[in-house]
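The primary structure of each chain is shown beneath.
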Amino acid sequence: MHAIEKILAKNSGRDTVRTGEIVTAKVDFAEINDLYLQTVYSFYEMGGEKVWDRERCAFVFDHYAPCPDIKSASNHREMREFARKNDLRFHFDINCGVCHQVMPEAGVIYPGMIVVATDSHTTTHGAFGAMGTGCGATDMATILMTGELWFRVPEIIEIRLEGEAPAGVFPKDVILNVLGKIRADGAVYKAIDFTGSYVENLNVAGRMTVCNMAVEMGAKTAYMQPNRDVLDYVSARAVRPYEVQFTDPDFTYAESHVFDVSRMEPALACPSSVENVHPLSSVLAGVPVKIDQGYIGSCTGGREEDIAVAAKILKGRHIPEWTRLVVIPASAAVMQACMEKGYIQSLMAAGATISTPGCGACLGAHEGILAPGETCITSTNRNFPGRMGSTDARMYLASPATVAASMIEGRIADPRPYLD
Amino acid sequence: MNTRLTGKAIVVGDNIDTDQIYPGRFLAITDPVEIGSHCLCGVDEGIAAAFPKGGFVVAGRNFGCGSSREHAPIALLNMGASAVLADSFARIFFRNAVNLGLLPVVCRGIAQKVKPGQTLTLDLEAGTVTIGDTGEVLPCEKLGDQAMRILEAGGIKPLMRKRFGRE
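So the protein lines, in turn, are chains G and V.
If you count by this note's numbering, then the first sequence holds residues 1 to 420, one letter each, in order.
If you count by this note's numbering, then the second sequence holds residues 1 to 167, one letter each, in order.
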């Protein structure tokens, strides 16, 4: 069996599971973000009274942190009331950050677990050898009532990433290169196991970026076998004992795709689809793409490593007149670390606008909305029409380094000359 | 449940993600009718107001990709859609739709066959979609047992109420 199948089997009280089977599995941790007041409504509509386990579910207020309007403030208020009434052990209010960053920081994510959240980017937690998947509000309400959810045991495909990344090629570039080949629906209903020497040597932040965007290929979940970095990270934080699962040597993948990372170059997803991926060199060979706004943040590209490389590139330089750069650290802990190391100071001196840790403008809720006709280069995860504001705005997805270099030149630019 | 449905169709493209079905700027809204009034406004602002009640949304591949927001099927249902007929669906959208009683039916190639405004008949038991004007019959995939169990109960909410003895 694959490690993911072992996780599903263990949590559904079975010895084995088969692809395509429907199993009902225990959920080890459930997270509700602040877009999903419907979860509370569905919970009561279905006759829920108390959550199944006050230690294993939490709200994270990340999409509206802090609230931009009365409606979202009222939603937060109702969610806080629910959290207090159920005496939830964990609660992440507007001072914490994006759920996929604050949950690992709080130690509620660890290898071998099932985490379900009302957010599609829950695939991120494959970085830790966990099975993470997203669901809607009403599915989440059934979890809060029962502590379990039905799953179809997915086909598992291997994406093998071999070799060392050349200078200027970051984990975001790697996953964009993969996405361009596998396409936006290449892994729908399937699980992706990222393997290969690149993954074995990748740090926690890089693993999270790669697994995060598995959902942009439609994947139900992502997986990476934990390495030393992950085990060090988790052992310092985990709130309960855990068991790392391993894939049996005789396991056969439904599909295998092999990528040579050493031959990749920086990449961009061009307007207006995640699968419209082009190498940076081909974009630079065309008409210069002028930028109105740069954006560094989110569960994809707002970690300390992301802000560090942007600060390195922008230190001692300044963004051009009539442009703006919005930087939103993924969590309060990330922001603290970036302040201690001087990254935030360098970015502010370069003209960046720093905003509250959270999802920010990634999904067009607030803090950096785009006007019609504007062009944005961003370290986030989606560029569908209207994602960050107007449907007539254009968004390019790139690594934080490419965003930073582009903000020096005011047009899409190559980060490599700035990395020496 | 009614397994034979007739209604008019609108047609949209590939990779219609949840931002296009229900843009982020409306996510704080909780009133279902108001949610429905913004449906598909990321594709065209005029779709929801003109949508034929009980009609079908016909789409290409990967309908409902992107965010896990349940607002997407809530919006489609409250706009008056009874089913989405598409080449393929993103999985969270598929689950959300089934849970709320919106039919997500895989019907490969349908977006190339159907013209906006045509009347379609979906026969779930036969696994067919019939185009009214031409009489052309397109095969569609039958929904799985788990999905049918939820849909026949009227959605996940009645199912859970029954399980918890709240009926």
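The reader is advised that the hints may include incorrect statements.
Here are the simulated DSBU-like cross-link-like pairs (lysine-lysine), alpha carbons at most 30 Å apart as the crow flies [to be verified]: (1) K115/V / K142/V; (2) K85/G / K53/V; (3) K113/V / K181/G; (4) K190/G / K53/V; (5) K85/G / K71/G; (6) K10/G / K113/V; (7) K26/G / K142/V; (8) K71/G / K113/V; (9) K142/V / K50/G; (10) K290/G / K6/G; (11) K50/G / K85/G.
The hints are simulated quantities; they were obtained by calculation from the structure and are not laboratory data.
For a quick check of understanding: which of the numbered hints are violated here, in increasing order?
2, 4, 6, 8, 9, 10
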